[in-house]
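> Given next are the chains, with one letter for each unit.
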Amino acid sequence: EPEVTQTPSHQVTQMGQEVILRCVPISNHLYFYWYRQILGQKVEFLVSFYNNEISEKSEIFDDQFSVERPDGSNFTLKIRSTKLEDSAMYFCASSEPLYSNQPQHFGDGTRLSIL
Amino acid sequence: AQKITQTQPGMFVQEKEAVTLDCTYDTSDPSYGLFWYKQPSSGEMIFLIYQGSYDQQNATEGRYSLNFQKARKSANLVISASQLGDSAMYFCAMRETGANSKLTFGKGITLSVRP
Chain X
1 EPEVTQTPSH QVTQMGQEVI LRCVPISNHL YFYWYRQILG QKVEFLVSFY
51 NNEISEKSEI FDDQFSVERP DGSNFTLKIR STKLEDSAMY FCASSEPLYS
101 NQPQHFGDGT RLSIL
Chain V
1 AQKITQTQPG MFVQEKEAVT LDCTYDTSDP SYGLFWYKQP SSGEMIFLIY
51 QGSYDQQNAT EGRYSLNFQK ARKSANLVIS ASQLGDSAMY FCAMRETGAN
101 SKLTFGKGIT LSVRP
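Note that the protein sequences, when read in sequence, are chains X and V. Per the working numbering, numbering through the first sequence is continuous, rising by one, with the last residue being 115. Per the working numbering, numbering through the second sequence is continuous, rising by one, with the last residue being 115.
Don't read these hints as lab results, they were simulated from the structure. All values reported here derive from a predicted model rather than from experimental measurement. Ideal Cβ positions, reconstructed from N, Cα and C, are used throughout, including at glycine. There may be inaccurate statements among the hints.
Computed list of lysine to any residue pairs in SDA-like fashion (alpha-carbon distance at most 20 Å, straight line) [claimed, not checked]:
no., chain 1, residue 1, chain 2, residue 2
1, X, K42, V, P40
2, V, K3, X, E44
3, X, K57, V, K3
4, X, K42, V, N58
5, X, K42, V, S101
6, X, K42, V, Q6
7, X, K42, V, S42
8, V, K107, X, E68
9, X, K42, V, M11
10, V, K107, X, S87
11, X, K42, V, S87
12, X, K42, V, Q69
13, X, K42, V, G43
14, V, K107, X, R80
15, X, K42, V, I46
16, V, K3, X, E56
17, X, K42, V, D26
18, V, K107, X, I60
19, X, K42, V, T24
20, V, K3, X, V47
21, X, K42, V, T27
22, V, K107, X, I38
23, X, K42, V, E96
24, X, K42, V, F47
25, X, K57, V, E96
Pulled from the structure, derived: some chain V residues nowhere near chain X, Cβ distances all over 10 Å [said to hold, decoys possible]:
no., residue
26, M11
27, F12
28, D26
29, Q57
30, R63
31, S74
32, T104
33, K107
Using C-beta positions, here's what the derived DEER-type ranges look like [unchecked claim]:
no., chain 1, residue 1, chain 2, residue 2, range
34, X, Q11, V, Y54, 36 to 46 Å
35, V, R72, X, E18, 25 to 35 Å
36, X, T7, V, Y54, 35 to 45 Å
37, V, Q57, X, Q11, 39 to 49 Å
38, V, Q57, X, S27, 26 to 36 Å
39, V, T60, X, E18, 25 to 35 Å
40, X, T13, V, G43, 13 to 23 Å
Use the sequences and the hints to build the structure in full.
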């Protein structure tokens, strides 16, 4: 069964450094998302992406965050200058087009630790 | 106001018995979808079951069923014949109008299955 893949599984970065989290969505999916989950808390929406542009973003997704689909397969989340509070699990998700009943399929996540 | 409410503390169930995990939601949108995801201790998010607001029948998927009571705005997950591998965190989520709209998650319920 096709799946969303995320790399790396764990990223440790010094505060203030830039980090790029990578995702390969399911190949026929057209809608892409990033969520984050701070340890022990609920999953929070960051951004959705369709047709090479951001569809919606949350208050969390401020100027230090950006997303990109640099080629036909990858979908990346960049955090420009990381802060301690960016430590979290980051999930990429994708879904099929057309029908709102289609589930979002999640990757296994990247655990980001900011030191 | 919270859109998805999961208020149960950690739940315990005996292996082979059934368990109900509660979820209530709040929306003024007539068209919405409700999803349940499982998050084992390894961290990945696994889609379990979907219920659409216009669906006449309660959703079922193997041992999972959804007790959808639209007037009460509740969408409880029922797991029959619990297995040890069902021990995990369970999240209820809602998606409102729009095929690409975000998922809003509840804070989750921890389920522990006892042998």
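> Which earlier hints turn out false for this structure, listed by number in ascending order?
4, 8, 12, 14, 32, 33, 35 and 39
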